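Visitor: Chain residues, written in single-letter form:
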Amino acid sequence: MEMTEPITWTCTGCALLCEDIQVYIKDNRVEKVEHACLKGKARVYGCKHTAMSTVDQEEVDVNNAIRQAAEILEEARNPLLYGWSNSTSEAQVAGIELAQTLGACIDSTSSFCQGITINEIINGSVPSCTLDEVREKADVVIYWGADPMSSHPRHLSRYSYFPRGELRQRGYEEDRTAICIDVTQSRTAKICKGMFFSIPPGGDAEFMQALMDGLAGRVPKLSYDFDVKRILELAAVLKKAEFGVIFAGLGLVYSIKEEFDLISEFMSTLNRFSNFFLIPMAGHFNMRGFNHNLHEETGFIHRVGFTKNGPVSGVEYSVVEQLKHGADAVMVVGSDPLASLPLSISRRLKDIPLILVDPCSNLTTRVADVTIPCGVSGIEVGGTAIRLDGKKMDISPLIQGDGLSDEMIVRRIMEEVS
Amino acid sequence: MAFAVALLSRTKQYTECPPLMEEDKYIDSRQKLEIILKPMEGAEETGLIIHDELCSGCGNCVVACPVNVANDPHGSGRGFGPTNEKVIFRVENGKVKAANVKECRRFGKDKILCRACIDPCPTEAIEFV
Amino acid sequence: MALDVGKFIKAPEYDIKIITRRDVFQASVCEEDCFSDECLELSALIVLDAAEMKRMGIQDGANVRLTSIWGSVVVRAMASPREEQKGLGFMVNGPWVNALVSDETPGGIPAFKDIEVKISISKDGMTGIKELFLL
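Chains as they are written, first to last, in our numbering: chain A, -4 to 413; chain B, 9 to 137; chain C, 2 to 136.
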């Protein structure tokens, strides 16, 4: 098969935003993709069922759908704008403006994901670094409640374990130590071999405390059965690290969410002896972008309500609380809450006016009052995004789409309502 | 015996043995050999097999393979997708593909039992037979 | 008429805790088509410790009913290739496991990794995506 010259592309399959992907395009269609993992490949080839413009599940002209969406949002007393992690920063900024115009509530998937960790980093209470620094310098990496081999496939090969870096020239076997702390021997744990520490569910806080004891030369105590000698050995490895990184997964975040101060306490204890940084394992390609963009505008990273007295934030403005007893209309952009939220909560989406802006037909499509198709960010729509380590990345579109971008749709709705 | 050695080193196929294929009294042996040699089907000359359905395209083998690193130090060696054609492993359409297998350390007269691509694979998609 | 006694005997139930996780293979097939059979096969699946399954009389690949106070689904049970902690089951994030998650959300976060359910062998077919919607 004769191939055209490949295009170098930044992958929007996950928040690693791999910028070395080669894509071969012919007649405005993807012919082949190189270097992307299976997730990236699925992203670049796109979904099978694309969304249509509908009102009350009947196909309509996109302009009608946009007008109907604006009407729903205008009539609502307490609208919620939710999703955003699969959108470019430009679309997110437009969404924040729309929330402000409407006096609405805005939240993203980070609300029940890495928001809590990203907040600590943005506020400076936890030290963080970039993935490029990890590749060049890191000698000790910890995957804590994280399984990048299942969620971010190229994490270890691009940055955290296998590559040669400036200060890590001799290859991973000699130069780097990979540690995994988890409740199951995940695919990542398999690679960490003898440095896998199996803890019981919810046992993270105690394990952290035990490690802090070990670092301080005290004998660690645990309520569950664990070989103390192994904790002391691990503490010794952490102490000797020249450049250590903890990749915090949802396993860790959910386990200690109610005592999250422990993270900053652990990091400062660790950094009395050593040099450690923490990076959140954000999933969707621009989850972190939403947090930064909203923070810039309001001083809060998510769960914001725009009130008469200005923006406020709190758990009552979180997507789950809003769906349970708050929002009387919802606009979802680039997410499928019926698939990703507990059904006991997402079920309410059937009872309130619901607008869905998405490139694909998904479960939520089936109950939405209005659906508006948009171009796929990173495929048909360009812009910028923020990688899981906080680095801003340019996203250029691959092919010419025939739909509007999510940013354009949000801006059109804004014109209609103001 | 020489034929058996050639069979194991994959320089000869069992189908190249006329008595085995033609004489009825060897029918049992032929069937047994078919079963034994089945996993070697599709294997490269080095015995490399990639189980496509298990591969997630993570690229760990691309970056860990010493031949990839030596032949493409600033690409594969640094964690990027390969930047030239001299590498053994590269990921295409989400799955790893092998080329230049004669460069593999398991090939040739100074071969060694290198496991640099097998151990880093999280899904056991790479095997040597 | 012969009486099918088996019909009236309730399959024994066991308490387990489900922990959700990600899977690259499921994520890629569901990104392509969330209504496909492949997406169902990889999502409506619970992975358990092999010895625990034996204890509960669940065969590898058998259908099991998972029931919490929030909902009930039938999924396929698969033995983990490795030893797992007792009393745990692993499911990939998605609509099937989400049918079982509590609506209590302390701190605004659902208990995606702490789902108490009862597990029992089931003769019913796997819960389809459309069936799930009607729940």
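Hints are computed from structural coordinates only; laboratory data are not their basis. Being a predicted model, the structure only gives us computed values, none of them experimental. Honestly, I wouldn't trust all of these hints.
Claimed, not checked - Computed Cβ-Cβ distance ranges for the label pairs, DEER-style: (1) A/Asn58 x B/Ile126: 40 to 46 angstroms; (2) A/Glu53 x C/Lys87: 49 to 55 angstroms; (3) B/Gln39 x A/Thr125: 45 to 51 angstroms; (4) A/Asp397 x C/Phe36: 22 to 28 angstroms; (5) A/Gln164 x C/Ile122: 53 to 59 angstroms; (6) C/Glu39 x B/Ile44: 48 to 54 angstroms; (7) C/Pro13 x A/Val307: 48 to 54 angstroms; (8) C/Asp34 x A/Tyr19: 20 to 26 angstroms.
Every residue, glycine too, gets a C-beta built ideally from N, C-alpha and C.
Visitor: Confirm or reject each hint.
Guide: Now for the hints, and whether the structure bears them out:
1. Taking 40 to 46 angstroms as the suggested C-beta distance range, the pair A/Asn58 and B/Ile126 does not conform, at roughly 57 angstroms.
2. Taking the beta carbon of each, A/Glu53 and C/Lys87 are about 52 angstroms apart, inside 49 to 55 angstroms as hinted.
3. Separation of B/Gln39 from A/Thr125 is about 59 angstroms and departs from the stated range, judged on CB atoms against 45 to 51 angstroms.
4. Here the CB-CB span from A/Asp397 to C/Phe36 is close to 23 angstroms, well matched to the stated 22 to 28 angstroms.
5. Between A/Gln164 and C/Ile122 the CB atoms are about 56 angstroms apart, so this pair conforms to the stated range of 53 to 59 angstroms.
6. A C-beta distance of roughly 33 angstroms is found between C/Glu39 and B/Ile44, which places it outside the suggested range of 48 to 54 angstroms.
7. Distance hint check for C/Pro13 and A/Val307: the Cβ-Cβ separation is about 51 angstroms, which falls inside the suggested range of 48 to 54 angstroms.
8. For the hinted restraint 20 to 26 angstroms between C/Asp34 and A/Tyr19, the CB-CB distance of approximately 23 angstroms keeps it satisfied.
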